[in-house]
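Engineer: Take a look at the letters that make up each chain.
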Amino acid sequence: MTKLSGLQSFMQGSGQKDPASKKTESCFDRRTASRYNDCPEGEEVLLPQYPSRQDDEITPEIFDHLVDLAAFHLEPEEREYLRKELNAQLKAIRELEALDVSPEVPITSHGVPFKAAISAPLREDVIEACPEADDIVAGAPETELRYIVVPDIPHEELE
Amino acid sequence: MSAPVVDLPAYEQARRIRDGELTAVGLLQATLKRTEAVEGQQPSSRPYALDAADLEKVHAFINRTEARALQRAEAIDAALAAGEPTGPLAGVPLAVKDNFCVQGTATTAGSKILENFISPYAATAVERLEQAGAVVVGKVNLDEFTFGSSNESSAFLPPVGNPWNPAHVPGGSSGGSTAAVAAGEASLSLGSDTAGSIRQPAAFCGVVGMKPTYGRVSRYGLIAFASSLDCVGPVARNITDTALMMNVIAGPDRRDATAANLAVPDYLAQLDSDLEGMRIGLSPDYFWLKIFDPTTGVLEEQPISPEIEKAVLEAAELLAGRGATIVEDVPMPNTHMGIPVYFVISRVEAASNLHRYDGVKYGFRYGEDTGDLTELYRKSRGAGFGLQPKLRILMGMYVSAEQYEKGYYERALQARTLIRQDFERAFDPEGQYGLDCLLTATTPTTAFKIGAVYGDSVLMQYADMLTVAANHAGVPGISIPAGLDRGGLPIGIQLLGPDFSESRLLQIGRAYERATEDASWRSIRPIVVRNLP
Chain A
86 MTKLSGLQSF MQGSGQKDPA SKKTESCFDR RTASRYNDCP EGEEVLLPQY PSRQDDEITP
146 EIFDHLVDLA AFHLEPEERE YLRKELNAQL KAIRELEALD VSPEVPITSH GVPFKAAISA
206 PLREDVIEAC PEADDIVAGA PETELRYIVV PDIPHEELE
Chain B
856 MSAPVVDLPA YEQARRIRDG ELTAVGLLQA TLKRTEAVEG QQPSSRPYAL DAADLEKVHA
916 FINRTEARAL QRAEAIDAAL AAGEPTGPLA GVPLAVKDNF CVQGTATTAG SKILENFISP
976 YAATAVERLE QAGAVVVGKV NLDEFTFGSS NESSAFLPPV GNPWNPAHVP GGSSGGSTAA
1036 VAAGEASLSL GSDTAGSIRQ PAAFCGVVGM KPTYGRVSRY GLIAFASSLD CVGPVARNIT
1096 DTALMMNVIA GPDRRDATAA NLAVPDYLAQ LDSDLEGMRI GLSPDYFWLK IFDPTTGVLE
1156 EQPISPEIEK AVLEAAELLA GRGATIVEDV PMPNTHMGIP VYFVISRVEA ASNLHRYDGV
1216 KYGFRYGEDT GDLTELYRKS RGAGFGLQPK LRILMGMYVS AEQYEKGYYE RALQARTLIR
1276 QDFERAFDPE GQYGLDCLLT ATTPTTAFKI GAVYGDSVLM QYADMLTVAA NHAGVPGISI
1336 PAGLDRGGLP IGIQLLGPDF SESRLLQIGR AYERATEDAS WRSIRPIVVR NLP
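Chain order of the listed sequences is A and B. Offset between the first sequence (1-based) and the numbering used here: plus 85. Offset between the second sequence (1-based) and the numbering used here: plus 855.
Quick caveat, the hints were computed from the structure, so don't treat them as lab data. We treat Cβ as the ideally placed atom computed from N, Cα and C, and that holds for glycine. There's no promise every hint is true.
[As the list claims (entries may be wrong)] Computed, partial: chain A to chain B, Cβ under 8 Å:
no. : residue
1   : A173
2   : A177
3   : P191
4   : G196
5   : V197
6   : A205
7   : P236
Make a model of the complete structure from these sequences and hints.
Structural biologist: Written as structure tokens, this is what we have:
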């Protein structure tokens, strides 16, 4: 199964073409979290073809930087899966590079234009009491006297 | 044999309750009994290994709110007995996708990071449905934070099974909604659609699902994924129920500045009008898919499933028979850009929206000694988010980084303009095509097997290739059941129309429904309910 002969894979999954065998199914979870156990051990599983390491745009170094910015603690098997999938997605995004688009083409940030005629008018700037304040505070993982408790905040002493 | 009361249309259930032929409590009890019969093991966030028995059940609900539902149903019966006004949906069982806040209930978004979050307020759409008399029977499963097209990425497993064959996925992300409605565990459901998340599972489960125009329905109380794409919409078993639900949920909302300040028509008013003068388009770009091969840089063409293509063409003939003009060969040349553009825009917006989950103010906090606050963030987000949210956040951060932003994000927003222009050209009343709507397949295939695609994030994303363009353009779309394939799995057809043309789409959908009311496939029930009374 090649990665982007996608329709064929869906069809195998939907039973529209006779799936050759379970060998063509991607058993991601056996490789990582083992959440499903319907891929018997020992059966050959043909996994999607991932880009080779030298083609990777997101190198381990860039990946570490992103993980740091995103504030994630990751397990080793998660790191491997996530970086591979990121690079696979970047390959799909490369289609945009082939797009012949002149600088004059404007950007669209919302499909339906926010014209004044259909935009909500601004509300009066008045204070409204929040009746659910206690419920909101009660949702915090740890509180003390209606303050939310957190561990030490990293800081530096300024001289 | 008459249909079980739980499988009746919502409008008929509501009529019987109004007329005293049925009570809200009676309908609720019948619905809960159906749920018991089809549901199976309750999904949970515990480590999960697939059991073969799970492939025979639906397990759509993360949380059932039976006590709350019983109170509501009793209140409706009491109000009716006292001659007090109730509402157009009085007593109708409603399942709410678990990314909508329902006051006082757990709202998880399918994620461990929100497992213990009790919503202190209600989403506007939920509030309006409850005011109209709908009875919320529970919160239904979804892909984690809606990130998926199969429901398998939820932190709450077993995954939802398709009522037509539970070894297959229900689609996603509103797969819990569409499975529950198809199996008679609810008569209506509230879903959300960012790339096809209402329409694709509606097609897979043989129900109706509508993505309204961007801004038509308030998103207050919907857990945000991609704010420029997210839409709230109905899931129902027929067009009339969909229109009824739209009448209740659509309209401006002072708590959502993106809700359009535009009057809501009566979506039931035009339902049975004929189609004389309507122009319905067929586009080759929705029959032949162009999929980018990154190794060659070439767009490979692949046809959609022949059975689905046939269903679309037959629908066109039937609509022509009802007075519509069919316009062929309408070019929608930028349709194939939908998925790569979505890979960029949705990830950037998801990364932004998901930064708020930090283990501090609400939701999951990593329990053991976490050192300082930075470690608390890392460990809470690391243990609380599943793989798909992590993947989306990381990709969003990469493509919006300063050095890549122009090449990826800006370019994607320009491509989005081109996608929007395709629709404007097709729907321009003065233009060459002058269409009232496009008629397409909703999905390239019917429901795939559980485990067949999950894990391959690129392949999974391409499940939305026929639905995502409408989200980029903001235009409304609806998926309508259109038969079964050789394997007995539902086929969906899609109507896409200009901004705020929901009435017309519902009217055309209803015409198709009337034209097929005697079709043999309409008498076939989902496998999970086939042997039930």
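Engineer: If a hint holds in the structure, say so; if it doesn't, say that too.
Structural biologist: Hint check:
1. A173: Holds: closest Cβ of chain B sits about 5 Å from A173(A), inside 8 Å.
2. A177: holds, 5 Å
3. P191: holds, 6 Å
4. G196: holds, 2 Å
5. V197: holds, 4 Å
6. A205: A205(A) check passes; min Cβ-Cβ to chain B is 5 Å, inside 8 Å.
7. P236: At about 5 Å, which falls below the 8 Å cut-off, the nearest Cβ of chain B leaves the hint on P236(A) intact, so it holds.
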